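Undergrad: Chain by chain, the residues run as shown.
Protein chains: 2
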Amino acid sequence: MIDHEKIMYDCIKLAAKGIGTVSPNPLVGCIIVKGNKKIGQGYHQKFGEAHAEVNAINDAKKRIKSLKGAGLFVNLEPCSHTGKTPPCVDLIIEEGIGVVYIGTKDTNPLVNGKGIQKLKKAGIKVFSGILGDHCKEINKTFFFANKHKRPYITLKFAQSIDGFIALNNFKSKWLTSINTRKIAHNIRAFNDAILIGSNTLKTDNPILDCRLSNNKNNPDIIILSGKSPINYKARLFSVQNRSVYIYSIKTNKDNLVRENVKIKFIKSVNGMINLRIILRDLYKEGINSILVEGGSYTLSQFFKQELFEEIYVMIAPKIFGKGISSFSDFHINSINSMNDLILHDFFSSGNDIIINYKKYR
Amino acid sequence: MIDHEKIMYDCIKLAAKGIGTVSPNPLVGCIIVKGNKKIGQGYHQKFGEAHAEVNAINDAKKRIKSLKGAGLFVNLEPCSHTGKTPPCVDLIIEEGIGVVYIGTKDTNPLVNGKGIQKLKKAGIKVFSGILGDHCKEINKTFFFANKHKRPYITLKFAQSIDGFIALNNFKSKWLTSINTRKIAHNIRAFNDAILIGSNTLKTDNPILDCRLSNNKNNPDIIILSGKSPINYKARLFSVQNRSVYIYSIKTNKDNLVRENVKIKFIKSVNGMINLRIILRDLYKEGINSILVEGGSYTLSQFFKQELFEEIYVMIAPKIFGKGISSFSDFHINSINSMNDLILHDFFSSGNDIIINYKKYR
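Here the protein sequences come in this chain order: A and B. Sequential numbering of the first sequence, starting at 1055, is according to my numbering. Sequential numbering of the second sequence, starting at 1055, is according to my numbering.
Take the hints with a grain of salt, since some may be wrong.
The list makes no distinction among identical chains, and a pair is therefore deemed to hold if it is satisfied within one copy or across any two copies.
What the hints assert, rightly or not - Computed cross-link-like contacts, BS3-like style, restricted to lysine-lysine with a CA-CA straight-line distance of at most 25 Å:
{"#": "1", "residue 1": "K1376", "residue 2": "K1413"}
{"#": "2", "residue 1": "K1168", "residue 2": "K1179"}
{"#": "3", "residue 1": "K1159", "residue 2": "K1116"}
{"#": "4", "residue 1": "K1179", "residue 2": "K1071"}
These aren't lab readings, by the way, just hints derived from the structure by calculation. All values derive from a computational prediction rather than experimental measurement.
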């Protein structure tokens, strides 16, 4: 007897190997079984390259001549349309696969059940929804971005118990422990891009890479530039193999010419940036997920405009008394449990606490 | 075979029945066994009345004539001195108990191992340290207060994620959920007294009772009174069966005469109250543990003077942006992990998070 959930779980683990290299495509892993034995596996490795199903089928055929009657497990519905590669559904039918086990449907309107229909029409048995929630979770940013035409947004900050992200004199770098920073770098690795305001670039001069994470694919960088000029000697520009998007309200586009830096001019109304326009543009650039790391002004803008899906708060075991608040450019006049956040997860890291909230619905 | 840990655990549960009524005495439960069977039990019920051992022995003798050779379990070393009641050790010897199982030694210099010695001299077998950590924990405030001659202090506050205990307009009563407030009332019940500043009395007019807790013994009240006059019609004065201690820097002691209210004059230096003097006085009044519930100024004074052993933070799933910080009369100039708090416990209550810290050593 084969354990369908166990094999689907292995597909998800395979899929996760694509983190950092496949977006804006989804993370997909595929396993092929025959006679209760695993005979091949593969995952989508790089945007524009072969899909998971193709890699798994090729892997299986190294070991076995015919895949007639074999079972194919995949965490996402196989594609039925021609994109950068031919439809996987056609290949599955061609190879004579007998049963297809699917984690979740692809909500992309070009697929959305059409892949399943085509398989069924060809006489292939299809079971879908195996570990459905897990399979939705691993591609949540892909599904969200394609539905809303803007990236999935996570706000992240580290603070003292009493809610300060920095001392007023800024002598408070690295509030949290090294282990908590490792966790923060892993959260970065799950995002296509990290966003900061130009003031944070100036005061913190952060590298914003994933050096403490196991995943070495550094996300792209987005800088929202107000009036303060960008220092192109800042450390984050030295990181290779990533793009930097600068959205500037200033018309003079500096005269920087660098391959991986894109400077875009945006209008501001009363000094305020319209985040929705920027997010739509970033989606077109292929950014499905953004981690907003501050500072306080930038976090406030996203919070005010309700442009976020999750919040990660890292709480260091310190009391500051006074300092810079996490959302200082925002305030409410009365409390209303209607817009409470949803507590999603929480855990400790040494004496630090990490809390993950999701936005109220 | 008897399970020593199980029986000691039952002693602790019995002891806990005395919460709210035995302080400044310790919480003590006692179980007597004979031939692997429990034959009696008792606990210390009220300050000044019979000790747990006496109650357990009397209970056992209802069922069995002679306790010769019986085993006696007790979470705290039996007393060997004459206080409000005669020494328990003498009674144990008299009754011919064969074995005594003790949770932890009594650090009171009048006992501190002397009870154990006396039992051993009388030929009784003594085993101590059974569930020692649990037995120390349940009487931590008793041990602490007697060692340091001041009450064990817990700071407690509820705040938004970004560290505000109230909105600037104070339209923010009951930040946390009803379930979290129940937990807060249970924490109250573990303390001999609740302390607030006179400003909180004025702005919040709190009742400060345990109405949501299973334990209906309301702690005493301590009010630190600055310049604002005390409103004797405030709601907390209406609660029966508890004392209210008011420490005032004003010389005119009002002309209130009420049985359960004690007004004490204290000197202030530059408007600052010397908390150590007050705490020493409260210890003499029989207060072993205090829950400091605010407001921000009062919490800051205790934090600044390092007069606290634990902190409970209740975090509601809200972002305020601006408001009143939990420790606004305090600040640091640089971070130093040397004085980090120790994360002791954390748990969720609906969408709220409750974090318990202990002071760095």
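Undergrad: Hints first: check each against the structure and report whether it holds.
TA: Evaluation of the provided hints:
1. Within a single copy, K1376 and K1413 get their C-alpha atoms only as close as 28 Å, which misses the 25 Å cut-off; across copies the closest is 20 Å, which meets it.
2. Taking the closest pair of Cα atoms, K1168 and K1179 come within 25 Å of each other only inside a single copy of the chain (15 Å); across copies the shortest separation is 80 Å, beyond that limit.
3. For the identical chains of this complex, K1159 and K1116 are neighbours neither inside a copy (29 Å) nor across copies (72 Å), given an alpha-carbon limit of 25 Å.
4. Taking the shortest Cα distances, K1179 and K1071 never come within 25 Å of each other, neither inside one copy (28 Å) nor across copies (64 Å).
Checked against the numbered hints above, the structure violates hints 3 and 4; every other hint is satisfied.
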